[in-house]
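First to last, the protein sequences are chains A and B. Quick note: the first sequence uses numbering that gives the first Met the number 0, first residue 0, plus one each step. Quick note: the second sequence uses numbering that gives the first Met the number 0, first residue 0, plus one each step.
Please keep in mind that the hints were generated in silico from the structure rather than gathered at the bench. Beta carbons are placed, not taken as given, at the ideal position from N, Cα and C, and that holds for glycine. Misleading hints may appear alongside valid ones.
[To be verified] Reference listing, derived: stretches of chain A covered by chain B, where coverage requires no fewer than 3 residues with Cβ under 8 Å from a Cβ of chain B:
1. 53 to 65
2. 112 to 125
3. 179 to 187
[What the hints assert, rightly or not] Listing some non-contacts, in silico: residues in chain B with all C-beta distances to chain A over 12 Å:
4. R79
5. G153
6. F171
[To be verified] In silico contact screen, one side only, chain A against chain B (beta carbon under 10 Å); selected entries:
7. L24
8. F194
9. A210
10. L238
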Amino acid sequence: MDSLIHFGATLLTMLRDVFPIAAILFGFQALVLRRKINYPARVAMGMVLVLLGLTLFLEGLEMALFPIGRLMAQQLTAPEFIYSSAEAAAAAAVEPVNWIDFLWIYAFAGAIGFATTVAEPALMAVAIKANQVSGGTITVRGLRYAVALGVAVGVAVGAFRIVTGTPLQWFIISGYIVVIIQTIFAPKIIIPLAFDSGGVTTSTVTVPLVAALGLGLAETIPGRSPLLDGFGLIAFASLFPIVAVMAYAQIGEWRAKRLKRRNTQN
Amino acid sequence: MHPADNPLVSHPHKQGRLKSIWHKFRKAVEALTDSALALVPIILVIAVFQLLVLKQPIPNLGKMLWGLLQVLIGLALFVRGLQMALFPIGEEMAYNFVRKGNLWWLLVFAFALGFGTTVAEPALIAVSEEAARIAAMGQVIADTAEAQSSYAIGLRLTVALAVGIALLVGVFRILKGWPVQYLIIGGYFGVVIMTFFAPPEIIGIAYDSGGVTTSTVTVPLVAALGIGLAHTIHGRDPLIDGFGLIAFASLTPMIFVMAFGMLY
Numbered sequence: 000m001d002s003l004i005h006f007g008a009t010l011l012t013m014l015r016d017v018f019p020i021a022a023i024l025f026g027f028q029a030l031v032l033r034r035k036i037n038y039p040a041r042v043a044m045g046m047v048l049v050l051l052g053l054t055l056f057l058e059g060l061e062m063a064l065f066p067i068g069r070l071m072a073q074q075l076t077a078p079e080f081i082y083s084s085a086e087a088a089a090a091a092a093v094e095p096v097n098w099i100d101f102l103w104i105y106a107f108a109g110a111i112g113f114a115t116t117v118a119e120p121a122l123m124a125v126a127i128k129a130n131q132v133s134g135g136t137i138t139v140r141g142l143r144y145a146v147a148l149g150v151a152v153g154v155a156v157g158a159f160r161i162v163t164g165t166p167l168q169w170f171i172i173s174g175y176i177v178v179i180i181q182t183i184f185a186p187k188i189i190i191p192l193a194f195d196s197g198g199v200t201t202s203t204v205t206v207p208l209v210a211a212l213g214l215g216l217a218e219t220i221p222g223r224s225p226l227l228d229g230f231g232l233i234a235f236a237s238l239f240p241i242v243a244v245m246a247y248a249q250i251g252e253w254r255a256k257r258l259k260r261r262n263t264q265n
Numbered sequence: 000m001h002p003a004d005n006p007l008v009s010h011p012h013k014q015g016r017l018k019s020i021w022h023k024f025r026k027a028v029e030a031l032t033d034s035a036l037a038l039v040p041i042i043l044v045i046a047v048f049q050l051l052v053l054k055q056p057i058p059n060l061g062k063m064l065w066g067l068l069q070v071l072i073g074l075a076l077f078v079r080g081l082q083m084a085l086f087p088i089g090e091e092m093a094y095n096f097v098r099k100g101n102l103w104w105l106l107v108f109a110f111a112l113g114f115g116t117t118v119a120e121p122a123l124i125a126v127s128e129e130a131a132r133i134a135a136m137g138q139v140i141a142d143t144a145e146a147q148s149s150y151a152i153g154l155r156l157t158v159a160l161a162v163g164i165a166l167l168v169g170v171f172r173i174l175k176g177w178p179v180q181y182l183i184i185g186g187y188f189g190v191v192i193m194t195f196f197a198p199p200e201i202i203g204i205a206y207d208s209g210g211v212t213t214s215t216v217t218v219p220l221v222a223a224l225g226i227g228l229a230h231t232i233h234g235r236d237p238l239i240d241g242f243g244l245i246a247f248a249s250l251t252p253m254i255f256v257m258a259f260g261m262l263y
């Protein structure tokens, strides 16, 4: 019964979030375009499925994944786990932080970044659309894994940055330079999609878990402020996928060229 | 789009009832398998780190499995609903706007969609409240609830404005056929220049605000709108011109939030 009430509450929040979108869509459709929507029953049914689906999805995440994800982020960033002994922990509080001590955290950051991105519904939507539009050359799974790999690297580098305390902007600006150079060489058709995939990765599933990791890390390391250094992981998670998707296309193009060359030689 | 999913196409040959039920059943199984595959990595990560690295049991295993089942079904329903409602609506509206031939209304619609969907976005509300707390701690604003709430609302409106303008510019770009990279790289220069002048407390929030603005319902809609426009306007390629709207929506908030931090 409790879970039913909880489900109802989540559904209501969902409805509230979706209401402005629906109001804008139908307002313009009715007042400006003055046209009836094609297949209204089908569209209405689809809207119900979207709402129900997202509600179930969020409920399930809240029940199954977020608590344990947050708990693990806390446990991995706890001083007792990072330092083998109390003396080591005491020494670390005085000396500057040694980034090598945090290898498990980078591994976890990368793994959780990858895993949450693969399950991100917004990314799935864009991948489905890209697959349809490209006539199948861009595969749904290929794009999702490329983006997830980008997020993995991004979040791991972001965790490293929190540990070392380097200012965020230097990483981001270097990332921009890499993106600009890649833009010159990457196949033109992938560029808009690559830029888009930066924005879609960080949403429902990724943000809560990655933010928990950032905050936990910033709390544990002496000299880091959770408020100042805890932010910024999401920025990494939206920059690196751009690099990854362009690289995915570049590798694909390079392999196709090599194959062609080999075929003409024979 | 798979032809069978396209509501604009009529299906001439009607299948037998039994065949159609079998077809639907197979599609449902496929959808569930797809969402199950999407969840495999996350289950693996949790299992490996919890059991092997942290060496602890998984608490509430039964509850967790029940939750995972919900996630699975939810994801499959969402993807189905996406193809039934969000994609067709976005594309149909793009088509209707182009047919109407009134550019101004299309731009007003783009702005309204960006502003309206962002201003009420829960992730943004959370981030702006967090930002207000930081500002109060850094003595940028007075440490009162009133000052904090006005700062948070100001920030929210700034980000919503930024997303509205992003979609407006993005739609205009599709109409004109400009390459996306020039505008984005121009935006990067904007971000870098602003970074040198913005107060350090706001930089982390500004960079993050780009990522949190685009919600799960907005993304498919905006993607379908862009692709619909590129499909309908003569001479535009859906891949090259249709994508890119979301990129704008995650770039402009960074610049706007840093400007907000400088002005406030």
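I'd like to know which numbered hints this structure contradicts. Please list them from smallest to largest. 4
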